[in-house]
Amino acid sequence: MSSDDGRDRDDVRSRANETRSDDEGDDESQWRFAVDDVGPDGVTEDTHTPESEPIEPGSIEAEHAVFVALGVALTVGVLFVGF
Numbered sequence: 001m002s003s004d005d006g007r008d009r010d011d012v013r014s015r016a017n018e019t020r021s022d023d024e025g026d027d028e029s030q031w032r033f034a035v036d037d038v039g040p041d042g043v044t045e046d047t048h049t050p051e052s053e054p055i056e057p058g059s060i061e062a063e064h065a066v067f068v069a070l071g072v073a074l075t076v077g078v079l080f081v082g083f
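Each residue of the sequence shown is one higher than the last, beginning at 1 in the UniProt record's numbering.
Be careful, since some hints might not be right.
Claimed, not checked - What follows is a set of in silico ranges between Cβ atoms, one per label pair, in the way DEER data are often shown:
hint	residue 1	residue 2	range
1	Gly77	Glu51	41 to 47 Å
2	Pro54	Gly77	34 to 40 Å
3	Trp31	Phe80	35 to 41 Å
4	Val76	Ile55	28 to 34 Å
If you're looking for bench data, these hints aren't it; they were derived computationally from the structure.
We put the CB at the ideal spot given by N, CA and C, even for glycine.
Could you build the full structure based on these sequences and the hints that come with them?
Structure, rendered in C-alpha cells:
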C-alpha cells in the first residue's frame, strides 16, 4: 500500500479485526453435533458401524466396472507406450 492512496494502514487493520453482526452470519452453516454429543474418538453413537456387524460388500455395477477397466487399460497403455 502506498501512502498516496488515501488509506491508512491502521484503518485497514482495524477493519480486518472487526466482528460481524449477527444478521450477516445467518447464511453460514451450523455445527451438526454439539461438543457433548461427540465421543473421545470424534464418533457419535448413531454414525459408526458396530464392530459386531461386519461391513458387507455391495454388488458390482456395470458402470463402475467399465470405468475401472478403462482406467486399468489406460494405465497399462501409458506404462508400455510412454508419455
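Cross-check of the supplied hints:
{"no.": "1", "hint": "Gly77 with Glu51: 41 to 47 Å", "in the structure": "holds, 42 Å"}
{"no.": "2", "hint": "Pro54 with Gly77: 34 to 40 Å", "in the structure": "holds, 38 Å"}
{"no.": "3", "hint": "Trp31 with Phe80: 35 to 41 Å", "in the structure": "violated, 51 Å"}
{"no.": "4", "hint": "Val76 with Ile55: 28 to 34 Å", "in the structure": "holds, 30 Å"}
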